[in-house]
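Work the whole structure out from these sequences, hints included.
Order-wise, the sequence lines are chains A, B, C, D, E and F. Take the first sequence: its letter number 97 is residue 97 in this note's numbering, and every next letter is one higher. Numbers given in this note's numbering equal positions in the second sequence, counted from 1, plus 229. Numbers given in this note's numbering equal positions in the third sequence, counted from 1, plus 458. Numbers given in this note's numbering equal positions in the fourth sequence, counted from 1, plus 687. Numbers given in this note's numbering equal positions in the fifth sequence, counted from 1, plus 916. Numbers given in this note's numbering equal positions in the sixth sequence, counted from 1, plus 1145.
Any given hint could turn out to be false.
[Said to hold, decoys possible] Where chain D lies over chain F, by a calculated footprint (3+ residues, C-beta under 8 Å): (1) 1258-1265; (2) 1271-1283; (3) 1313-1322; (4) 1343-1349.
Derived by calculation from the structure, the hints in this document are not laboratory data. Every residue gets a Cβ at the ideal spot worked out from N, C-alpha and C, and that includes glycine.
Now for the letters of each chain:
6 protein chains.
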Amino acid sequence: MSINQLGIVKRNIVRADKSAVEKLARFGVATVHEAMGRVGLMKTYMRPIYAGAHACGTAVTVLMHPGDNWMMHVVAEQIQPGDVVVAAVTSECTDGFFGDLLATSFRARGAKGLVIDGGVRDVKDLTAMQFPVFSKAVSAKGTIKATLGSVNIPVVCAGALVNPGDVILADDDGVVVVPAASARQAAEAAGARESNEADKRTKLASGVLGLDMYKMREGLERAGLKYID
Amino acid sequence: MSINQLGIVKRNIVRADKSAVEKLARFGVATVHEAMGRVGLMKTYMRPIYAGAHACGTAVTVLMHPGDNWMMHVVAEQIQPGDVVVAAVTSECTDGFFGDLLATSFRARGAKGLVIDGGVRDVKDLTAMQFPVFSKAVSAKGTIKATLGSVNIPVVCAGALVNPGDVILADDDGVVVVPAASARQAAEAAGARESNEADKRTKLASGVLGLDMYKMREGLERAGLKYID
Amino acid sequence: MSINQLGIVKRNIVRADKSAVEKLARFGVATVHEAMGRVGLMKTYMRPIYAGAHACGTAVTVLMHPGDNWMMHVVAEQIQPGDVVVAAVTSECTDGFFGDLLATSFRARGAKGLVIDGGVRDVKDLTAMQFPVFSKAVSAKGTIKATLGSVNIPVVCAGALVNPGDVILADDDGVVVVPAASARQAAEAAGARESNEADKRTKLASGVLGLDMYKMREGLERAGLKYID
Amino acid sequence: MSINQLGIVKRNIVRADKSAVEKLARFGVATVHEAMGRVGLMKTYMRPIYAGAHACGTAVTVLMHPGDNWMMHVVAEQIQPGDVVVAAVTSECTDGFFGDLLATSFRARGAKGLVIDGGVRDVKDLTAMQFPVFSKAVSAKGTIKATLGSVNIPVVCAGALVNPGDVILADDDGVVVVPAASARQAAEAAGARESNEADKRTKLASGVLGLDMYKMREGLERAGLKYID
Amino acid sequence: MSINQLGIVKRNIVRADKSAVEKLARFGVATVHEAMGRVGLMKTYMRPIYAGAHACGTAVTVLMHPGDNWMMHVVAEQIQPGDVVVAAVTSECTDGFFGDLLATSFRARGAKGLVIDGGVRDVKDLTAMQFPVFSKAVSAKGTIKATLGSVNIPVVCAGALVNPGDVILADDDGVVVVPAASARQAAEAAGARESNEADKRTKLASGVLGLDMYKMREGLERAGLKYID
Amino acid sequence: MSINQLGIVKRNIVRADKSAVEKLARFGVATVHEAMGRVGLMKTYMRPIYAGAHACGTAVTVLMHPGDNWMMHVVAEQIQPGDVVVAAVTSECTDGFFGDLLATSFRARGAKGLVIDGGVRDVKDLTAMQFPVFSKAVSAKGTIKATLGSVNIPVVCAGALVNPGDVILADDDGVVVVPAASARQAAEAAGARESNEADKRTKLASGVLGLDMYKMREGLERAGLKYID
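Here's what the structure looks like:
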């Protein structure tokens, strides 16, 4: 085993089960994250480049160096229909690693979107294309093509570990990573949560308090809550 | 007097005068803040979750711990029609303390909106509901229900002191707090400012310079301003 | 030469060639920045106050002190049709130095927009006016009029040097500064870049990979890239 | 009651009890904050300008505008021996509001230190004087003297509400505010905490685990903790 | 496999080879990171709580919730002599999760230090103990003990993936993670780098330029570097 | 004139007058910045890597790309005794562009220090060498040598414009840039300021208030300051 993880492209990766991905796509990030036990969420600085952006697919990963997007072209070839590209950088950088030409190429390969712990550009064009991107920054600054990174190795993106093949779900609330092996179970748990919600919503809309619906009054009293006038 | 302010719910609070609140609701945050002598503004990191969000009402306050939204359910019961919930956290936390279920409950109680020095989630649903929220962050991460905070004690939210019953006015420009006892006076002062503005706008649109309209030339010269070619 | 650059208004500045400005206006910030050799971009914290804001014009510059917008009224008089006001502050400040009244005045003078390394307010009105502003912050907090700054001296705005008369181009991707003397050359270089792009886009959309289109495979192999299964 | 709190100097304030202040001075900020029920701590960006800085005294407060330290001279006159000056700014500003000349004056008046939600300068001299300052920033940038603020009104400093006369305790761990009326009680509660600690430290140093000393094992098991190999 | 990784303590972990850890301890973080091919470095916001702090050991990991340090007591029991505790939090939090009592306990168990993506307190005592801590923040704010996290699961700490048993090396330059299986190889590569450095230092000190020592002139010329007068 | 400023090394620059540099070296950054009329200060995030670091000299400038320090070796050759290297980066990057080997080389060439809007490493060694460095960050992460930047072109470093040959003065309070042509005048103005200070310090130490010494009472009253009891 080499200590150096750079300069590698892994071609065969095990993608999460398609039907599980499809099921997960129907839920919001908050629901799935909750169903996962509150792990796997990327940091809150990751924002969609346009309101309403939504993406769900299997991760192909890429690790780049600051100011260098050479590997974006390498990862393009590894995209299969239904993938979401997850891009990490070896140190913090807001440069525009990605724009409308790469988006055109990624879409032609079947990509469902991009999640990048760095910057992107051509926001207007990407919005017109409705190509969903979740990024740390927007920057017009282009990059060079000089240094090797890697494709389809495990990466840490915006504070979350992403293994190639994991499910990536992203919407207005953020980006969550579901390990490939947990995709089915997560989809089921999310479904169970959601079936509850409609009923709760109706009750709350009618004026029932969460205090009563969730039977919290006793616990609060036990914890010492005091009502004063 | 206890040193510990946690674990308390104050039920009876003195809300600002209704008609003053209604008057204040017609003005922008910038106008009211200016009329107040430039105090009471929350920090600029507080942003609406959708463009055009607007809220005006009387504050019911809640103090929570990082990662714990138990008190959100407690404060719900204290909401009266026309209130805006102001949520502070004992230390910085971006977790999603609030989502569409709580919004449904708050609205059912008559809440006009939420101002929170923390994170919220279900942004898509909240936008669809047009429930105005001004927050520090958006995060899919849910919270636990384990620790007591307090309701309707004075809180510091995003750098501003909020007493229960104060008027909260929030729009695209930020969030301002008007002490309950100053609400009428602030509404009048804001009105006075605004009645001036239409006239000024017309003059400036016609090409009159602020330098002349505000008679600044003499002051600038006295201060030593030099024009060179 | 005085060491003190404050208290000066330079009236006659050499503006970039009009036709070059018009040509540059047709391109995106990313394209022009790339054509310039990747220099002259403002920091990525500069954001449009509404999606789709676009501005292109010649810079008139203003340097202000934190919390003081007196010079905004001085710069207004120096605006000529086609100018973009570039506002710098002597230390970091998010106060709202600019609002709808100043925008009305600037527009009456022919200004094409404002780029400010500080805060602005009346965002709703500015959006309704479609007056393009690129700023570091939005803040309802007004300013005083007490201290002299300068107009049409070279300023550093959001990390970029701006000389009066330079071309300022701003869109969703950021703000770029083109030195007046380089405007024609930059416009030509941008044009050359763009004429290439349509062809590339078609190829990439058809599934051709950047790896092949840009002939990167050999370089990557030479750099040591290894494909594994 | 005026809505405008600026331009006021309150001369007579009720300072916390001297003996309580003296008792509090013996404890660390962490101990006192804990004894207070975890409220009253300023934000963690407040740092001592030199390692080991320590201050404890009664608050005289000052509210200033960004870039303007006029009121620093006004507050100097209100200092009594044993006071700590607490300086807030109406919007975020890192300018150097305070340096060695003001420190000389403050010390001559009997001040025990300065807590400022802004910048300071002359750090080398202040360190040589061993005048304790806790600030948000260090900046060589001086300020003007043009706008009124207020002295001895309640202020929000670094996220904490400070009323004139409150006890301010600051050390390497941060800055805590103890309301004047709670000073005795807080000192007693802090003392009770500390008397426990020596014993705990001895046990832990001998290898006893907190799990056993605090009898946590049962609670953890009940919460569902699982040990695996 | 469960989707929920919380509530687990793994007791048996494979620690990196002792002799490799000892070798790595002799090198600086920069040297080892370089030898690793520039991967595995934590974010630069991780700083030692006192200048000169140094730690090297095998990772025992702990994942906690914001504002809750219950698991710190659980991880203490898993410490073996030579370990460094690596603490991650499920969302960003600066609370003081660790102080001098826990440090006493950790040291009694043989811990070499703590790396925490959160806050710590009792900095003065920790410094007096010379217990090396690398943290994101210093905060007097204590935490509760209410929610389960996990011990010895893989965690992302300050942007770096840490598996239990990995080597953690921390000094004034930052914190680097060496996978257990690469420890020997990394130590050798670091040694090879360092043996070169003394010779280089002597040459550079004598006035030889890096341009010549590293034979860069040709490459720079080929890249197009132009010298002008 | 080319639009592309990259790939250029200017060999002959006009350095500020030696005797003026020597005079400026005796003053603090705050004094010189004040004497300059409060312009030319770098942003407050620039901090010395060790307390008490001090540097004064003439600027040789270098512009680099993120993650690439190739030009550091090019600038080394342009250093003359008494120079301070000022390093800017084309976009924000915290990588360690500089360490003890380069410091050895810079010192051998006669450099007085380094000011860098990026990261540095080998802080322990640099401190032992007492080589003064003022930087935005500390990072163990090394850089590549692949892309051309420029040497001795005007750069914007941490928000301040630096022309080659300007005087750079840096101490605990920050970093100030004095244009070469203003060096004498700035030194004189600084001297005039400082000669006043000793007298003021004595007065303030004796208990005289700034209010009286600076004759502020009348101005404050005119501005409307009200004393209340």
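Hints, one by one, checked against the model:
no.	hint	verdict
1	1258-1265	violated (count 0)
2	1271-1283	violated (count 0)
3	1313-1322	holds (count 5)
4	1343-1349	holds (count 3)
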